[in-house]
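**Student:** Start from chain X and add chain Y according to the hints.
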Amino acid sequence: DQQVKQNSPSLSVQEGRISILNCDYTNSMFDYFLWYKKYPAEGPTFLISISSIKDKNEDGRFTVFLNKSAKHLSLHIVPSQPGDSAVYFCAASAQDGGSQGNLIFGKGTKLSVKP
Amino acid sequence: KAGVTQTPRYLIKTRGQQVTLSCSPISGHRSVSWYQQTPGQGLQFLFEYFSETQRNKGNFPGRFSGRQFSNSRSEMNVSTLELGDSALYLCASSSLGQPGETQYFGPGTRLLVL
Numbered sequence: 316d317q318q319v320k321q322n323s324p325s326l327s328v329q330e331g332r333i334s335i336l337n338c339d340y341t342n343s344m345f346d347y348f349l350w351y352k353k354y355p356a357e358g359p360t361f362l363i364s365i366s367s368i369k370d371k372n373e374d375g376r377f378t379v380f381l382n383k384s385a386k387h388l389s390l391h392i393v394p395s396q397p398g399d400s401a402v403y404f405c406a407a408s409a410q411d412g413g414s415q416g417n418l419i420f421g422k423g424t425k426l427s428v429k430p
Numbered sequence: 059k060a061g062v063t064q065t066p067r068y069l070i071k072t073r074g075q076q077v078t079l080s081c082s083p084i085s086g087h088r089s090v091s092w093y094q095q096t097p098g099q100g101l102q103f104l105f106e107y108f109s110e111t112q113r114n115k116g117n118f119p120g121r122f123s124g125r126q127f128s129n130s131r132s133e134m135n136v137s138t139l140e141l142g143d144s145a146l147y148l149c150a151s152s153s154l155g156q157p158g159e160t161q162y163f164g165p166g167t168r169l170l171v172l
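Protein chains in written order, with the numbering used here: chain X, 316 to 430; chain Y, 59 to 172.
No wet-lab data here; the hints were simulated from the structure. Treat the hints loosely; a few may be bogus.
[Said to hold, decoys possible] List time: in silico EDC-like cross-link candidates among lysine to aspartate or glutamate, alpha-carbon distance up to 20 Å: (1) Y:K115 - X:D316; (2) X:K371 - Y:E159; (3) X:K383 - X:D346; (4) X:K371 - X:D346; (5) X:K369 - Y:E159; (6) X:K386 - X:D316; (7) X:K383 - X:E373; (8) X:K422 - X:D316; (9) Y:K115 - Y:E159.
If we strip away everything but chain Y, and leave its shape as in the complex, we get:
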């Protein structure tokens, strides 16, 4: 099986712009979670989608949003970018998103905001 894929791998934007990141989960996986990794805060949970519905949300401002399509692919969007949004954005998938299931991560999208 192919693993979790994320596009693009690298992105440079300027303050005030918006960005859309894409994630394709492992085939058959229906739960997709997004995480932000920064040197100071480590890995922090953004949100989780299951069957096209946002099921859980972390403590991030409304500028961060996401969606999931019927084929389980997911996108996340960040509007009005700030310098502090520079980070590695990781997507993870699991079969049903049930407690005890392992999440498998993609390689991430590295976003630099200038």
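Looking at chain X on its own, in the form it has when it is part of the complex:
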């Protein structure tokens, strides 16, 4: 049973346009969400995060939106650049007696930004 779902395995976008990557979750105890980017043969690189007390967090070209009632978050990349082409993972965590516990990952969305 997947607690974090990224329903689009791939996404293709033209350079300069907006990329929107979506993520849904089922566990209402999740209170911290992260996006990671992964290039082949490298480990995931942290991009941006959001706490459940917020509905938006922005960092440069990257914005994450959280809709708690819908249990949905999205990552917006504006403008998209060819170097953004990678696999993007959504991850979530819940407080667990004060320890971090583990990150629950979605299966990823492969973004291709075409020049």
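**Tutor:** Showing chain Y alone in chain X's frame:
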């Protein structure tokens, strides 16, 4: 600061053998987590160590074990390897492993079991 390092980067083993992977966290980080990435299952949590103690464990068989040393370096061991253990094994570190902290990943060790 140097990032998370993992050794070896690539490994080939045969069924029934055992393997030990190593992870050095970012300097000052005391929490180390291990993940397995496979094409079918994505990234799955194995276990987390903090101050030499296993604090959390994912849903993996007992063949998967780990430990952490006093300098926060961590090792994971897989015994009696199976073909399905072929995967990318990722290590991540964070300062205290508290909720809301970001985990920083190493490049991974790619294990192939023949």
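**Student:** Go through the numbered hints given earlier and state which of them the structure violates, listing their numbers in rising order.
**Tutor:** none
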